Amino acid sequence: MATPTPTPSDATPTHVHSAVTPTHTPSATPTATSSGLRRPIWKYPPNVRDDIRREYIRLGPCQPQLRRDQYPATEFGTQRRRFQASWFNTFKWLEYSVSKDAAFCFPCYLFESDASSQHAFTIDGFKSWKRVNDNERCAFLVHIGTSNSPHKKAIKSYEGLKNVTRHIDKVINCQSLEEVKKNRLRLRATIEGVRYLSLQACALRGHDESSTSRNRGNLIEIVKTFGRLSPDISNVVLENAPKNATYTSPKVQKDILHIFASKVRNKIRNEIGDSNFCILVDDALDASQKEQIAIVLQFVDVYGVIRERFFDIVNVLDTTSLTLKKELSDVLTQNNLSIQNMRGQGYDGASNMRGAFNGLQALFLRDCPYAYYVHCFAHRLHLALVGAAEKQDYVWEFFSILANVVNIVSGSSKRLSELQTAHGIEVDHSVASGERETSRGLNQIGNLQRAGSTRWSSHFNSVCSLVDKYGSIIIVLESINNCSTNSSAQRGEARDEVIDEFYAQKNRRVQLK
1 MATPTPTPSD ATPTHVHSAV TPTHTPSATP TATSSGLRRP IWKYPPNVRD
51 DIRREYIRLG PCQPQLRRDQ YPATEFGTQR RRFQASWFNT FKWLEYSVSK
101 DAAFCFPCYL FESDASSQHA FTIDGFKSWK RVNDNERCAF LVHIGTSNSP
151 HKKAIKSYEG LKNVTRHIDK VINCQSLEEV KKNRLRLRAT IEGVRYLSLQ
201 ACALRGHDES STSRNRGNLI EIVKTFGRLS PDISNVVLEN APKNATYTSP
251 KVQKDILHIF ASKVRNKIRN EIGDSNFCIL VDDALDASQK EQIAIVLQFV
301 DVYGVIRERF FDIVNVLDTT SLTLKKELSD VLTQNNLSIQ NMRGQGYDGA
351 SNMRGAFNGL QALFLRDCPY AYYVHCFAHR LHLALVGAAE KQDYVWEFFS
401 ILANVVNIVS GSSKRLSELQ TAHGIEVDHS VASGERETSR GLNQIGNLQR
451 AGSTRWSSHF NSVCSLVDKY GSIIIVLESI NNCSTNSSAQ RGEARDEVID
501 EFYAQKNRRV QLK
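FYI, UniProt numbering numbers position 487 of the sequence shown as 487, with every residue one higher than the one before it.
Do not take every clue at face value.
Unchecked claim - Label-pair ranges, simulated between beta-carbon atoms:
{"#": "1", "residue 1": "47", "residue 2": "305", "range": "49 to 59 Å"}
{"#": "2", "residue 1": "205", "residue 2": "349", "range": "48 to 58 Å"}
{"#": "3", "residue 1": "377", "residue 2": "264", "range": "24 to 34 Å"}
{"#": "4", "residue 1": "305", "residue 2": "478", "range": "34 to 44 Å"}
{"#": "5", "residue 1": "185", "residue 2": "403", "range": "48 to 58 Å"}
{"#": "6", "residue 1": "377", "residue 2": "178", "range": "55 to 65 Å"}
{"#": "7", "residue 1": "261", "residue 2": "478", "range": "50 to 60 Å"}
{"#": "8", "residue 1": "308", "residue 2": "460", "range": "18 to 28 Å"}
{"#": "9", "residue 1": "313", "residue 2": "133", "range": "31 to 41 Å"}
{"#": "10", "residue 1": "326", "residue 2": "225", "range": "36 to 46 Å"}
{"#": "11", "residue 1": "396", "residue 2": "474", "range": "18 to 28 Å"}
{"#": "12", "residue 1": "240", "residue 2": "313", "range": "32 to 42 Å"}
Unchecked claim - 30 Å max Cα-Cα, derived DSS-like pairs, lysine-lysine:
{"#": "13", "residue 1": "127", "residue 2": "92"}
{"#": "14", "residue 1": "127", "residue 2": "156"}
{"#": "15", "residue 1": "100", "residue 2": "43"}
{"#": "16", "residue 1": "224", "residue 2": "263"}
{"#": "17", "residue 1": "326", "residue 2": "100"}
{"#": "18", "residue 1": "127", "residue 2": "153"}
{"#": "19", "residue 1": "243", "residue 2": "153"}
{"#": "20", "residue 1": "251", "residue 2": "263"}
{"#": "21", "residue 1": "43", "residue 2": "153"}
To be clear, the hints were calculated from the coordinates, so they are not data collected in a lab.
The structure presented is a predicted model; accordingly, all values stated were derived computationally and were not measured.
Cβ atoms here follow ideal geometry from the backbone N, Cα and C, with glycine treated the same way.
All chains, full assembly: derive it from the sequences and hints.
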């Protein structure tokens, strides 16, 4: 087969002139005009996605018109197949990437979501030319699918965005000034509700948000409160709003949160400026068992003060060093933070993080030799305390007894009530005798605190709670032991495993002295 002659660059298809002056801001400018090289639409911030789509629509699909021998041939068994330019006439949505020798779907790329699992015509590219034929099993016809297929939905969204008269900004311009004022007031009520709930770390949605529910979730209830405070708001929100413009849907809530997050990151980015910075990263499982990494930045601001800012949290497919390196690099690049300005890395001691050859810190050191790695001090302290406790029998025994005490005393609301009553009497007696100081919030009646399983420092609060309520705890345990209505197992557990052990620990301390 003859060697193909040079073809036009993917970045400048034959039907698209390269000297295009973007009509939008840099944040809304497409990264590439060629299929296969573009950044996925769902990776752009939600508030600029439509601008990106409009710019791509203005440029049009990538359909390089080449001679037949300029399309690379691929062997399928004994046959050789290649892309054909005539397919552009039959399938107007079709695109071709010279660099990948693959076909793509222009509308599906523009309106694909991050939840989509089919990437053949959007990211990976289709190149099985033997499956393109004249019968109903043609791969392109299969991709088009039925009337409710993802492709048909993308085509509908594509046509809607192309129709300028249907764009939301055009529609609003045609409305009266009074309607515009109502829309803004309605949206502002939602924005302020989302702002308040997010700052207070409260859930936005409720279990039942229907109009007949007595509690429709935090956000809708706050919007209703705004309405009770102002008749102007009450007349335009919720039931008084158009059904297609209530601005309280989950999608609107997520978009507002994304915008808030973007503004916060931009603020942090402006604080950093061109200064050097350090990164702190830790991975964990969320409530849905998905792997996530939390990213924290440390830097010195213009006033010479060391700042530490939580920057982002990212879902990852796995926690291998290469995956973490890619995700972290993407976050830094998207926010115009140069890896060359990195001066420190702080991770835990796992091999995928601290590995000297292929760990995450080693991968970043190859890009920036000044990004020194420091094993997180909090993790080191935790490991040291756990290791020391395991080597000392008395320490380990003490915390085992403490865990049993918490389980027994907190086993029922009746026992907790007895503990609070006994502790209240003890506090009153101590204050009256001058053994305790008094001030606002100093002598509150609380419960025993349970130590956490992931951070050793949480044991401190548990021990302090035990010391403060020691006498009251003994009273509750003796009450359990002496109560005839309790089972033999409960009485024996309170007496043998706890009370006797407490006194044994006390005798050991006396002997040591």
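Structure-based check of each hint:
1. Between residue 47 and residue 305 the CB atoms are about 32 Å apart, so this pair departs from the stated range of 49 to 59 Å.
2. Against the hinted window of 48 to 58 Å, the Cβ-Cβ separation of residue 205 and residue 349 comes to about 38 Å, which falls outside the hint.
3. Taking the beta carbon of each, residue 377 and residue 264 are about 26 Å apart, inside 24 to 34 Å as hinted.
4. For the hinted restraint 34 to 44 Å between residue 305 and residue 478, the CB-CB distance of approximately 54 Å leaves it violated.
5. Restraint check, residue 185 to residue 403: a C-beta distance of roughly 55 Å satisfies the suggested window 48 to 58 Å.
6. For residue 377 and residue 178, the hinted distance range of 55 to 65 Å is satisfied, since their beta carbons lie about 60 Å from each other.
7. Between residue 261 and residue 478, the C-beta spacing of about 54 Å keeps the proposed range 50 to 60 Å intact.
8. Between residue 308 and residue 460 the Cβ separation comes to about 22 Å, which falls inside the hinted range of 18 to 28 Å.
9. Take residue 313 and residue 133: their Cβ atoms lie about 47 Å apart, and the range 31 to 41 Å is violated.
10. For the pair residue 326 and residue 225, the supplied restraint of 36 to 46 Å holds, since their beta-carbon distance comes to about 45 Å.
11. At about 22 Å, the beta-carbon gap between residue 396 and residue 474 stays in the expected band of 18 to 28 Å.
12. The beta-carbon spacing between residue 240 and residue 313, approximately 37 Å, falls within the hinted interval of 32 to 42 Å.
13. Restraint check: the Cα-Cα separation between residue 127 and residue 92 comes to about 18 Å, which is no more than 30 Å; the hinted pair holds.
14. Our distance criterion of 30 Å between C-alpha atoms is met by residue 127 and residue 156, whose separation comes to about 26 Å.
15. Note on residue 100 and residue 43: the hinted pairing holds, with a Cα-Cα distance of about 21 Å set against a maximum of 30 Å.
16. In summary, the hint linking residue 224 to residue 263 is supported, as the alpha carbons are separated by about 27 Å, within the 30 Å threshold.
17. With a C-alpha separation of about 22 Å, the suggested pairing of residue 326 with residue 100 holds against the 30 Å cut-off.
18. With a CA separation close to 23 Å, the supplied pair residue 127 and residue 153 stays within the 30 Å bound.
19. The straight-line distance between the Cα atoms of residue 243 and residue 153 is roughly 22 Å, inside the 30 Å bound, and the hint therefore holds.
20. A hinted pair counts as satisfied when its Cα atoms are at most 30 Å apart, and residue 251 with residue 263 qualifies at roughly 18 Å.
21. With a C-alpha separation of about 20 Å, the suggested pair residue 43 and residue 153 falls inside the 30 Å cut-off, and the hint holds.
Of the numbered hints listed earlier, those contradicted by the structure are 1, 2, 4 and 9.
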